[in-house]
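Asks: Residue strings, one per chain:
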Amino acid sequence: MIPEIGHYALVLALGLALIQATVPLYGAARRDAALMQLGTSTAVMQFVFVAGSFAALTACYVTSDFSVANVFENSHSMMPLVYKFTSVWGNHEGSMLLWVLILALFGASVALFGGNLPVTLKANVLAVQAWIACSFYFFILLTSNPFLRLAQPPLEGRDLNPILQDPGLAIHPPLLYLGYVGFSIAFSFAIAALIEGRIDAAWARWVRPWTLAAWMFLTVGIAMGSYWAYYELGWGGFWFWDPVENASLMPWLAGTALLHSAVVMEKRNALKIWTILLAILAFSLSLIGTFLVRSGVLTSVHAFAEDPSRGIFILCILVLFIGGGLSLFAWRAPLLRQGGLFAPVSREGALVFNNLFLTTACLTVFVGTLYPLALEAFNGEKISVGAPFFNLTFAPLFIPLMFAMPFGTLLAWKRGDLLGVAQRLMTAFAIGIAAIAITFAAAGAEHVLAPFGIGLAAFVIIGALVDLAERIALFRAPFATSWSRARGLQRSAWGTAIAHAGVAVTLIGITGAATWGTERIVAMKEGQTITLSGYALTFDGMVQRAGPNFRVLAGKFTLREGGGVVGVMEPSKRTFGARGMTTTEAALLSRGVSQLYLSLGDVNGDGSAAIRFYYKPLVLLIWLGAVVMALGGALSLSDRRLRVGAPKPAAKTALQPAE
Amino acid sequence: MRRVIIVALLSSLLLPGAALAVKPDEILKDPALEARARTLSQELRCMVCQNQSIDDSDAPLARDLRLLVRERLEKGDSDRQVLDFLVARYGNFVLLKPPVEPSTLLLWGLSPLVLIIGIGALVIMARRRRSVALEAEALSAEERRRLDGLVHEDSAS
Chain V
1 MIPEIGHYAL VLALGLALIQ ATVPLYGAAR RDAALMQLGT STAVMQFVFV AGSFAALTAC
61 YVTSDFSVAN VFENSHSMMP LVYKFTSVWG NHEGSMLLWV LILALFGASV ALFGGNLPVT
121 LKANVLAVQA WIACSFYFFI LLTSNPFLRL AQPPLEGRDL NPILQDPGLA IHPPLLYLGY
181 VGFSIAFSFA IAALIEGRID AAWARWVRPW TLAAWMFLTV GIAMGSYWAY YELGWGGFWF
241 WDPVENASLM PWLAGTALLH SAVVMEKRNA LKIWTILLAI LAFSLSLIGT FLVRSGVLTS
301 VHAFAEDPSR GIFILCILVL FIGGGLSLFA WRAPLLRQGG LFAPVSREGA LVFNNLFLTT
361 ACLTVFVGTL YPLALEAFNG EKISVGAPFF NLTFAPLFIP LMFAMPFGTL LAWKRGDLLG
421 VAQRLMTAFA IGIAAIAITF AAAGAEHVLA PFGIGLAAFV IIGALVDLAE RIALFRAPFA
481 TSWSRARGLQ RSAWGTAIAH AGVAVTLIGI TGAATWGTER IVAMKEGQTI TLSGYALTFD
541 GMVQRAGPNF RVLAGKFTLR EGGGVVGVME PSKRTFGARG MTTTEAALLS RGVSQLYLSL
601 GDVNGDGSAA IRFYYKPLVL LIWLGAVVMA LGGALSLSDR RLRVGAPKPA AKTALQPAE
Chain F
1 MRRVIIVALL SSLLLPGAAL AVKPDEILKD PALEARARTL SQELRCMVCQ NQSIDDSDAP
61 LARDLRLLVR ERLEKGDSDR QVLDFLVARY GNFVLLKPPV EPSTLLLWGL SPLVLIIGIG
121 ALVIMARRRR SVALEAEALS AEERRRLDGL VHEDSAS
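Residue numbers (this note's numbering), protein chains in the order written: chain V, 1 to 659; chain F, 1 to 157.
Treat the hints loosely; a few may be bogus.
[Stated by the list, open to error] Mimicking DMTMM-like on lysine to aspartate or glutamate, the simulated pairs with C-alpha atoms at most 25 angstroms apart in a straight line are:
| hint | chain 1 | residue 1 | chain 2 | residue 2 |
| --- | --- | --- | --- | --- |
| 1 | V | Lys267 | F | Asp148 |
| 2 | F | Lys29 | V | Glu526 |
| 3 | F | Lys29 | V | Asp200 |
| 4 | F | Lys23 | V | Asp540 |
| 5 | V | Lys556 | F | Asp25 |
| 6 | F | Lys23 | F | Asp77 |
| 7 | F | Lys75 | F | Glu26 |
| 8 | F | Lys23 | V | Asp200 |
| 9 | V | Lys414 | V | Asp166 |
| 10 | V | Lys382 | F | Asp79 |
| 11 | V | Lys382 | F | Asp84 |
Since the hints were derived computationally from the structure, they do not count as laboratory data.
Chain V on its own, in the form it takes in the complex:
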């Protein structure tokens, strides 16, 4: 009964979405307040029904109802409870249900918290949101129904893919989807603005908090995925330039650009057309990401769906929304009037620079990811585009971007003084150069680029501090004045400085782990000791255990530094009976922000075990930096001006007929 209720709730949600997709739009064109109001109630009810549907599927998983095909294929009665919850979205059908759940959540949030939006804008936004929802409800109901029953229910399920039986699955996909789907709001706002043919600074003020929230989730989601891959895949890499990773990086880059251009639009009423285009692109890239992962166009660890009919369906959704969005843009964008003028050297100019480099970086990832597919379709030639390509093309775009960061925040709006800014950044320059010199002295000249990476990061961090110091007139005014200024400083200013510092922190982590990491790959006998970067590792033997739905073969190792025991490391392998698959569980030991990483390989007949032992200096900073970035975003989001929203008068002007 429960699966049928869930199925039915989803159909009802589709019905509501169809109403929401049409009636408010018609109401907005006719200025009929009652019809426009309908969008609010349908958006909220839609969420209620999708949540009900999702709860029904969750109930099927928790009770291990193997008469439901989806549960049978992706669950096992012996699985720990937490994985019974997470396996709801650890498969194609369920993850699409999570996708629409989050979409409905965002739609309902706009309906509930968008009270200060102009009524026509709100009605149009909710209608566009419902178009997206409709197409994905159809997709789920027609091609990926998670509630299909099996005629003869089996006794036991096939188990969840062991790689996914990890706490990472509880956090990574929901965060990533909150990010992906969050950009749909920016998209809906952009389309609504194009439909109305008008857009102003207030529009940017409404869009920015939604974009910022989506961006924060995406930032943490990507970082979480990267950390998951780092500890799960067993060779200690943190970014593989895998198409699935690129699919999440592209919306992030476009979203970051959108955040920055929306600032220009909000503050200076400029870059309107560009901001609209970026809003369309950010969500388009999210859709492309969904397509790449869900269609099975790429077959990798992440891609669990392999049915081409689904791929074609998502492709149609892609064409509809991206093609439709861009056509509407081409048709209506010329109506939008360009706003404030600015000199090339100004805060606006710096943000344009930021946008140019971020979008080019995004394009690089896009071309690199899709080129092999396109070339093979075009003339059958097979090429590979992997990490060496991306490292070579991506870094030259990100280095100038980071170097420009402190300049951008210090430049004045409209017309800036580059020389003056450079003078104020003298401290940052000096510390950056000192950091380069110290790194060279400490680490030697073996890796020439690494000290410059550290120097650049130091420059950005100090630059962010200088920006804050300038704003509160630190050392220039009496301390009490600075203190009261610091307390009065907008939270978004703090947010900017912290987020920028976060990027630098990530850069330090990447530099450290990629250049100064050391490794030993050896076969160790019981009792043998090896050394690596001042640490001694002793192999104490193998042990076996039984887990809830797997068997564990673990190696016991003792780690010593300078004679004293630092800790015990226990890398293991888990063999899952239901699927006959084995996963490696690396042992991690943190020393400050550095980590020791031990991974178990084959165990030979003579009792020796092959191991991979890594020292990864500063590696935790990679993900810590992302958390700092998101923290900056959260601080900015809590800014009073963003919470309060746009001033009232804008609501009145919005009621004038659109030209």
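Fit chain F to the supplied structure of chain V, relying on the hints for placement.
Replies: This is chain F only, laid out in the frame that chain V set:
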């Protein structure tokens, strides 16, 4: 007894995703040669895997290729010669960084091109805007007074 169980367990371990990439028995005695082999391995694709280098992959083919790379290096091949040898055998598909060729021109050239066009467009727009701004400034004797009034009003509020 314990050893028997471990060996029995092993048979189930030889599955994709289970073993490690570079195995201890592959490593060359000469550390300089080994370092070169590792660097080369990161540039080469494991052709049966999804977007993995032979350095990361634990597929049997990747192991064969790693051994092949090391064999060639020990015979005195230069890095270039090893790569050429593998390309001759498996085609460009084996390289994770495709060479610049007519068919990959767009791959390598599009981003720099867009960046250059973008910078060019911005420079032209900035020039045009400056001339517009100059004209506007020339007219603004009356407007300036009004503007000042507005600015003061704004900062007062």
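Asks: Compare the structure with each hint and give your call.
Replies: The hints, checked one at a time:
no., hint, result
1, Lys267(V) to Asp148(F), "19 angstroms, holds"
2, Lys29(F) to Glu526(V), "23 angstroms, holds"
3, Lys29(F) to Asp200(V), "68 angstroms, violated"
4, Lys23(F) to Asp540(V), "21 angstroms, holds"
5, Lys556(V) to Asp25(F), "22 angstroms, holds"
6, Lys23(F) to Asp77(F), "22 angstroms, holds"
7, Lys75(F) to Glu26(F), "16 angstroms, holds"
8, Lys23(F) to Asp200(V), "61 angstroms, violated"
9, Lys414(V) to Asp166(V), "51 angstroms, violated"
10, Lys382(V) to Asp79(F), "23 angstroms, holds"
11, Lys382(V) to Asp84(F), "17 angstroms, holds"
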